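Asks: In the order they appear, the protein sequences are chains A and B.
Every number in this note's numbering is 9 more than the matching position in the first sequence, counting from 1.
Every number in this note's numbering is 1 more than the matching position in the second sequence, counting from 1.
Treat each hint with caution, since some may be false.
[As the list claims (entries may be wrong)] Here are the computed lysine-lysine pairs in the PhoX-like style, where the Cα-Cα straight-line distance is at most 25 Å: (1) A/Lys13 <-> B/Lys127; (2) B/Lys41 <-> A/Lys13; (3) B/Lys150 <-> B/Lys11; (4) B/Lys17 <-> A/Lys13.
[Said to hold, decoys possible] Quick list of simulated restraints, FRET-style, between CB atoms: (5) B/Phe15 <-> A/Ile136: 31 to 41 Å; (6) B/Gly126 <-> A/Phe39: 25 to 35 Å; (7) B/Asp96 <-> A/Trp142: 41 to 51 Å; (8) A/Lys87 <-> B/Asn56: 49 to 59 Å; (9) A/Lys82 <-> B/Phe125: 18 to 28 Å; (10) B/Glu62 <-> A/Leu36: 24 to 34 Å; (11) A/Ser64 <-> B/Phe121: 29 to 39 Å; (12) A/Ser64 <-> B/Ser68: 23 to 33 Å; (13) A/Leu115 <-> B/Gln14: 36 to 46 Å; (14) B/Phe121 <-> A/Ser42: 15 to 25 Å.
[To be verified] A short list of chain B residues far from chain A (calculated; beta carbon distances all over 10 Å): (15) Ile45; (16) Thr52; (17) Ile59; (18) Ile92; (19) Lys102; (20) Ile142; (21) Ile149.
Because the hints were derived from the structure by calculation, they are not lab data.
Predicted model only: the values in this text are computed from it and were never measured.
Note that CB positions come from ideal geometry on N, CA and C, so glycine has one too.
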Amino acid sequence: MIEKNRLLLLTINYTLVFTLLIFATGLWLFFISSDIKSSLEGALEVIVPHLFSISILAFIFGHFLLFIESVDKDQVLKPILFLYFFILLENLNRYLLSLELIPIELFNLSLALMVLLFGWLICIVWINLYRSWQDL
Amino acid sequence: MKFLVNKELKDNQFLKHLIYGLLVFIVLFLVLDLSFYHIKIGLIPSMAEDTLLGNEEIFVEPILFDSLLLMVHTNLFFSMLALLILSSIYIRVSDRVPVSKSIFHILFISAVLAPISLLFGYFFGKFLIVAWIVLFITWHIISLFLAIKTLYLVYRL
Numbered sequence: 010m011i012e013k014n015r016l017l018l019l020t021i022n023y024t025l026v027f028t029l030l031i032f033a034t035g036l037w038l039f040f041i042s043s044d045i046k047s048s049l050e051g052a053l054e055v056i057v058p059h060l061f062s063i064s065i066l067a068f069i070f071g072h073f074l075l076f077i078e079s080v081d082k083d084q085v086l087k088p089i090l091f092l093y094f095f096i097l098l099e100n101l102n103r104y105l106l107s108l109e110l111i112p113i114e115l116f117n118l119s120l121a122l123m124v125l126l127f128g129w130l131i132c133i134v135w136i137n138l139y140r141s142w143q144d145l
Numbered sequence: 002m003k004f005l006v007n008k009e010l011k012d013n014q015f016l017k018h019l020i021y022g023l024l025v026f027i028v029l030f031l032v033l034d035l036s037f038y039h040i041k042i043g044l045i046p047s048m049a050e051d052t053l054l055g056n057e058e059i060f061v062e063p064i065l066f067d068s069l070l071l072m073v074h075t076n077l078f079f080s081m082l083a084l085l086i087l088s089s090i091y092i093r094v095s096d097r098v099p100v101s102k103s104i105f106h107i108l109f110i111s112a113v114l115a116p117i118s119l120l121f122g123y124f125f126g127k128f129l130i131v132a133w134i135v136l137f138i139t140w141h142i143i144s145l146f147l148a149i150k151t152l153y154l155v156y157r158l
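With the hints as constraints, model all of the structure from the sequences given.
Replies: Below you can see the structure in the form of structure tokens.
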């Protein structure tokens, strides 16, 4: 059973590495794309897959915390709900930016806050996984 | 995915069939992913070099980096989900320690390094393109093996 748990922890660890790679390639795409103030169609092409994919990543990492006893669930719930809110806000701002209703700085701010909160979630999962690994 | 497969799977025919269906789709994803990349980039070194770096002799332009990066970015997400679900189910349904830890390391490390080699192969050329092909085929073959073995294990339950 311990070996199985170790393998599961290993899988989760690599999933975290994958997530960092997804973020890195996403940021790379963000910096090389010159038309951040794109058309409505261009914005929707980005928003539609991201609404699903970022929220499912948040769910996957959030649900890992359910099985880690050392984490106080009430304490981490609020930031995770904030993360969901910022995922929504970032996508909404991208839509509003394509309609030229908000300045680009506001969009950048919501993007930065979302990335920061997601980074926090990844760190929490990683630190607690490391502890669980040592306990096994 | 702890909630997905639990100890009562044996007695839960409904969940067993749902997982069986999911695994069939994961196998299909892996096979079609191989075919897609073979058609789009090429899993033969000369073909992949022509697509990524271009070839003046046969008038082939190199692929746009934006398109390549977007393809890698999207594929990373789907590969991650497929591998996470597949390995979680496999670990839980197997009776003993499933396969050695090193096979899991090889699977995940090749899956992580493959897109990195592809992206850097665009800039640094032939060696990394060959590395991408080897890593890409390696992780697909290992995951196909795991998926088929898991299908058998779930069927046997």
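Asks: Run every hint past the structure and note whether it holds.
Replies: How the hints compare with the structure:
1. With a CA separation close to 39 Å, the supplied pair A/Lys13 and B/Lys127 exceeds the 25 Å bound.
2. A distance of roughly 38 Å separates the Cα atoms of B/Lys41 and A/Lys13; the hinted pair therefore is violated under the 25 Å criterion.
3. Between B/Lys150 and B/Lys11, the direct Cα distance comes to roughly 17 Å. Compliance with the 25 Å bound is thereby established for this hinted pair.
4. Of the pairs offered as hints, the one joining B/Lys17 and A/Lys13 holds, with about 20 Å between alpha carbons and a cut-off of 25 Å not exceeded.
5. About 37 Å separates the C-beta atoms of B/Phe15 and A/Ile136, a value consistent with the hinted range of 31 to 41 Å.
6. Between B/Gly126 and A/Phe39 the C-beta distance comes to about 26 Å, which sits within the given range of 25 to 35 Å.
7. Here the CB-CB span from B/Asp96 to A/Trp142 is close to 23 Å, at odds with the stated 41 to 51 Å.
8. The hinted window of 49 to 59 Å between A/Lys87 and B/Asn56 holds, with their beta carbons roughly 56 Å apart.
9. Judged by the Cβ atoms, the range 18 to 28 Å given for A/Lys82 and B/Phe125 is violated: they are separated by roughly 46 Å.
10. A hinted range of 24 to 34 Å for the beta carbons of B/Glu62 and A/Leu36 is consistent with their spacing of about 27 Å.
11. The given range of 29 to 39 Å is respected by A/Ser64 and B/Phe121, whose C-beta atoms sit roughly 30 Å from each other.
12. A hinted range of 23 to 33 Å for the beta carbons of A/Ser64 and B/Ser68 is consistent with their spacing of about 26 Å.
13. Between A/Leu115 and B/Gln14 the beta carbon distance is about 52 Å. The supplied range of 36 to 46 Å is therefore violated.
14. For B/Phe121 and A/Ser42, the Cβ-Cβ distance of about 20 Å falls inside the hinted range of 15 to 25 Å, so the restraint holds.
15. With a cut of 10 Å on Cβ distances, B/Ile45 stays outside the contact zone with chain A, its closest approach being about 25 Å.
16. Residue-level check passed: B/Thr52 sits 19 Å from the nearest beta carbon of chain A, beyond 10 Å.
17. Every beta carbon of chain A lies more than 10 Å from that of B/Ile59, the smallest distance being close to 28 Å; the non-interface claim holds.
18. A cut-off of 10 Å between C-beta atoms contradicts the statement that B/Ile92 is not in contact with chain A; the least separation is 5 Å.
19. Distance check for B/Lys102 against chain A: the nearest CB is about 7 Å away, which does not clear 10 Å, and the non-interface claim fails.
20. Consistency note on B/Ile142: stated as away from chain A, and its beta-carbon is indeed over 10 Å from all of that chain's, at 18 Å minimum.
21. Chain A leaves B/Ile149 outside its interface by the beta-carbon criterion, the shortest separation being 19 Å against a cut-off of 10 Å.
Hint check: violations occur at hints 1, 2, 7, 9, 13, 18, 19; the rest are consistent with the structure.
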